[in-house]
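There are 2 protein chains.
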Amino acid sequence: MNHSSKKFVTIDPPFAFNNGDIFEDPLTIAYETSGTLNDKKDNAILVTTGLSPSAHICSSTEDTSPGWWEKIVGEGKYIDTEKYFVICINSLGSCYGSSGPASHKPDTEEKYGLSFPEVTIEDIALSMKPVIDELGIKKLNSIIGPSMGGMTAMSLVKQFPSITKNLVLISTAAACRPFSIAVRSLQRKLITSDQNWKEGKYRDEDLPLNGMKQARYLGMITYRSPTEWNNRFGRKKSETIPRPEDFSSNRFEIQDYLKSRSDDFVTDFDPNSYLYLSRCIDTFDLMEENESIEEIIQNFNMDRVLIIGVDEDYLFPFDCHEELFDAFKSASKDVSIKKLPSLHGHDSFLVDHENFGSSIKDFLES
Amino acid sequence: MNHSSKKFVTIDPPFAFNNGDIFEDPLTIAYETSGTLNDKKDNAILVTTGLSPSAHICSSTEDTSPGWWEKIVGEGKYIDTEKYFVICINSLGSCYGSSGPASHKPDTEEKYGLSFPEVTIEDIALSMKPVIDELGIKKLNSIIGPSMGGMTAMSLVKQFPSITKNLVLISTAAACRPFSIAVRSLQRKLITSDQNWKEGKYRDEDLPLNGMKQARYLGMITYRSPTEWNNRFGRKKSETIPRPEDFSSNRFEIQDYLKSRSDDFVTDFDPNSYLYLSRCIDTFDLMEENESIEEIIQNFNMDRVLIIGVDEDYLFPFDCHEELFDAFKSASKDVSIKKLPSLHGHDSFLVDHENFGSSIKDFLES
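Line order of the protein sequences matches chains A and B.
Heads up: the first sequence begins at 24 in this note's numbering, then just goes up one per residue.
Heads up: the second sequence begins at 24 in this note's numbering, then just goes up one per residue.
Bound-form chain A, shown alone (with noise of 0.2 Å):
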């Protein structure tokens, strides 16, 4: 898969992280488009990514491979081309082409590692803007921001009141939960723990894989549901014969299939950047002024909102879902909420494109 984002924003120096850091360095914005912005420039919708998408959401003529939101986005598709002008941008942090600690510094080999700015989820939403700037867009169509990416499209509303129409948050929350929080550290602390991790200056040939495929295989555990798993897998025996001095042989299919899913993910991805990013996930909430969430929301100037979720996501738990629709409530916004029936956890809107896609769609067109 080619994660290469064709296009670029670069945002001149100095740009003032969420932390207090001055950053004195250029930083570049990868994004895609997909469909046509038309002659009013009101036809635009952003979607703002989780932790490991980059900004290729659909294919193209220019790059044939399939997205990361293919079955949703594209001519004819639930969120459509042919009439929506469709932004995907890669976050700050990330490593598909916008800048983060996989970033080369200026004129140099030498990538910046951890001497690259902590990001935050207000980072990356401010790192967002220029993009639409850029497009000449006064005012979004709609942001829809599914897991960590609607943390960033409440974040870009919180410093752009007036940026969108409309919004749709998919399985997020204002801020997450301890479980998760606890999840995600000790995800960071696998990585951290690999020998070829080195403090953050692996060398590309000694990559701190196996950490990365430990994190992954946790990740998996809380991306999906009990109830998939137990309808799917249930007690089927793996294939592997196992050795009974083996500890890690595969003794279960459920095994077989976690194993799979992690190998796949870790050559593809940046481990510093998944620490970046798994890190603002933790830290993110939307009410860290101490203002009370309903005067933060009161400020924010949209016409709808539509609130979408799933019963069994471990991560952002159902009640984070509520949560937010009463906020939204209590501040007297137009906002909607949809439970859909997904088995497939977190994960579902990945993978149950039907629900999510129609939801999104109705929500869209009414």
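By construction, these hints were calculated from the structure, which means they are not laboratory data.
Values in this document were obtained by computation on a predicted structure and should not be read as measured data.
Keep in mind that a hint or two might mislead.
Since the list gives no way to pick one copy over another, a pair counts as held whenever it fits inside one copy or between any two copies.
Stated by the list, open to error - The list that follows gives simulated cross-link-like pairs (lysine to aspartate or glutamate, EDC-like), each with its CA atoms no further than 16 Å apart:
1. K106 to E141
2. K260 to D308
3. K384 to E98
4. K259 to E311
5. K181 to D326
6. K259 to E312
7. K128 to D287
8. K30 to D156
Here the structure of chain A is known, so what remains is to put chain B in place on it, guided by the hints.
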């Protein structure tokens, strides 16, 4: 804490392990007893344990340190040792006095390590019978089995159908689900990936403590409930001052809590024993011989059964308990089930003494 159990039974060779291995060395099984066996020898309660406890279930004059179920078992307590003779046996494969990978080969300083046969729940149960025989007990008043101990209890009754009058199964299952297999298989990977593990031949001075801590950290995530943590920690910040370049630094209290609980545990438990017992939970299946669960339970020759669990148990969700209840019911056994309102997840039986204790006491005395 002194984990050395005070009493031992030696099982003379050969011992036929469930996997087909014939073990030619003597086996030692460690146990403790509290209270007095009456003349009719009909007041004995056997408590089978979860993965990590020793046989030291409660303090005694011989060993005044608190036992792992100190608030439940003792004179005048819920399981009253003025009335009952309580036996607690350290599981075969564990490291608190019973034989296992941490034991020394006869007349040597060398540990068995991975040359110890694979241990299954069936082996653990079978190895408890000689203790009961040694004590001259023909029929136990009750077997009480929490967590892995519930599996051991069921296996013991399956192998010796008339061994007990009553059975209490706590937070357990007839066979575990793919979610918990996934968690445990990752825990084992974390230990065996520690460079100090050395295929089980670690040195006492260089134990695979990092892997053990990671496994315990993951364990704690699944032993407790998200609701407990929402109430107890929420997003409270740690007193640690985070360094941006340190991804393991604790930013939230939940991380402090998990770190301290993981550090406490690991110096005490033998890594290979942990691997052995963890795996035997995955592989246990009451139905493994292709009979129906009802047919198997039909053969259980006991008076009454109580099944207890809580709502938010990730490792043994309540539908595991309902499945057991339905199976006992179909086999026309006198069975009751209790869902306790505890928020402490799988660990509830170790924390919520009042609810668990009084449920057990009511059952024993009714």
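Within a copy, between copies, both or neither: where do K260 and D308 come within 16 Å Cα-Cα?
Between copies only: 12 Å across chains, 43 Å inside a chain, cut-off 16 Å.
Should K106 paired with E141 be assigned to within, between, both, or neither, using CA atoms and 16 Å as the limit?
neither (38 Å within a copy, 62 Å between copies)
K128 and D287: within-copy, between-copy, both or neither at 16 Å Cα
neither (29 Å within a copy, 43 Å between copies)
At most 16 Å between C-alpha atoms: does K181 with D326 qualify within a copy, between copies, both, or neither?
within (15 Å within a copy, 64 Å between copies)
With 16 Å as the alpha-carbon cut-off, assign the pair K30 and D156 to within, between, both or neither.
This pair counts as within: shortest intra-copy Cα distance 14 Å, inter-copy 78 Å.
Please work out whether the CA atoms of K259 and E312 approach to 16 Å or closer within one copy, between two copies, in both situations, or in neither?
Intra 50 Å, inter 15 Å, cutoff 16 Å: inter-copy only.
Using 16 Å as the alpha-carbon threshold, which applies to K259 and E311: within, between, both, or neither?
between (46 Å within a copy, 12 Å between copies)
Go through the copies and call it for K384 and E98: within, between, both or neither, with a Cα cutoff of 16 Å.
within (13 Å within a copy, 66 Å between copies)
Of the numbered hints given earlier, the model fails hints 1 and 7; all others are met.
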